[in-house]
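Be aware that the sequence shown starts at 1, since it is given in this note's numbering, and climbs by one per residue.
Just so you know, the hints here were simulated from the structure itself, not pulled from any lab data.
Mixed in with the good hints, there may be bad ones.
With beta-carbon atoms standing in for the labels, derived distance ranges [unchecked claim]:
# : residue 1 : residue 2 : range
1 : 47        : 108       : 20 to 28 Å
2 : 149       : 85        : 30 to 38 Å
3 : 56        : 164       : 15 to 23 Å
4 : 166       : 141       : 20 to 28 Å
5 : 105       : 161       : 34 to 42 Å
6 : 61        : 85        : 47 to 55 Å
Ideal Cβ placement from N, Cα and C applies to all residues, glycine included.
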Amino acid sequence: MQSGYKKSLVAGALAALAMACAVPAAQAQDKGGISVQGGFGDSYNRGAINYETAPLWQTSGSLGRLDLTGELGVAYWWAHSGGGHPSTAWQLNAIPMFRWWVTDRFFFEGGVGPTVFNRTKFADETISTAFQFGDHIGFGYQFDQHNRISLRYSHFSNASIKTPNPGLDVTNLTYTYLF
1 MQSGYKKSLV
11 AGALAALAMA
21 CAVPAAQAQD
31 KGGISVQGGF
41 GDSYNRGAIN
51 YETAPLWQTS
61 GSLGRLDLTG
71 ELGVAYWWAH
81 SGGGHPSTAW
91 QLNAIPMFRW
101 WVTDRFFFEG
111 GVGPTVFNRT
121 KFADETISTA
131 FQFGDHIGFG
141 YQFDQHNRIS
151 LRYSHFSNAS
161 IKTPNPGLDV
171 TNLTYTYLF
């Protein structure tokens with residue numbers, strides 16, 4: 001992982017923490033949900049199913065509302081070509097996600113958390129370790145009390161624990177049903 005990227009992650013985490021401390025507490029919503037994701041990268045695709053917890057923490061103020069939820073999921077990756085490597089992979093993830101609601105319907109989201117792949121060679125890439133970090137940033141819209149959609153960019157890498165560390169980048173479209 002490049003130094004500039006690490007600095008950006010730290011700066012983002014500090015900004016989220018500062019926002020959380022700057023606004024007063026609010027009442028928590030009690031809805032969790034299930035989401036399905038479809039994503040694409042340079043030479044691979046990703047499909048995922050996630051369970052999203054009800055907000056674990058929430059605060060609000062004049063700048064909107066900030067929620068922290070847990071996202072637990074399983075993903076299936078498939079490559080356009082294998083290039084001598086396996087063309088499919090499975091992934092488990094546990095991501096704490098911050099969601100900043102700028103209105104009752106529009107939000108921005110971001111999170112960093114652990115993920116595990118079932119293999120270290122996939123889609124012309126050698127990712128060196130099954131353990132990876134998942135970094136996510138996106139935005140979305142909630143249609144009503146049960147339906148939400150978002151567009152999210154995700155980067156998976158091992159934070160240079162071991163080389164090579166090419167990382168896997170994917171853009172995801174997510175539909176969430178809240179219950």
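**Request:** Could you say whether the range 30 to 38 Å given as a hint is met by the Cβ separation of residue 149 and residue 85?
**Result:** Cβ of residue 149 to Cβ of residue 85: about 33 Å, so the range 30 to 38 Å holds.
For the pair residue 105 and residue 161, does the Cβ-Cβ distance stay inside 34 to 42 Å?
Between residue 105 and residue 161, where Cβ atoms are some 39 Å apart, the hint holds.
With respect to the beta-carbon atoms only, verify the hint that residue 47 and residue 108 lie 20 to 28 Å apart. 24 Å, holds
- Go ahead and decide if the range 20 to 28 Å is satisfied by the Cβ distance of residue 166 to residue 141. With a Cβ separation near 33 Å, residue 166 and residue 141 fall outside 20 to 28 Å, so the hint is violated.
Discussion item. I want to verify a distance hint. Is the separation of the beta carbons of residue 61 and residue 85 within 47 to 55 Å?
Written reply: 49 Å, holds
Can the suggested window of 15 to 23 Å be confirmed for the beta-carbon pair residue 56 and residue 164? 35 Å, violated
In this structure, the earlier hints numbered 3 and 4 are contradicted, and the remaining ones agree with it.
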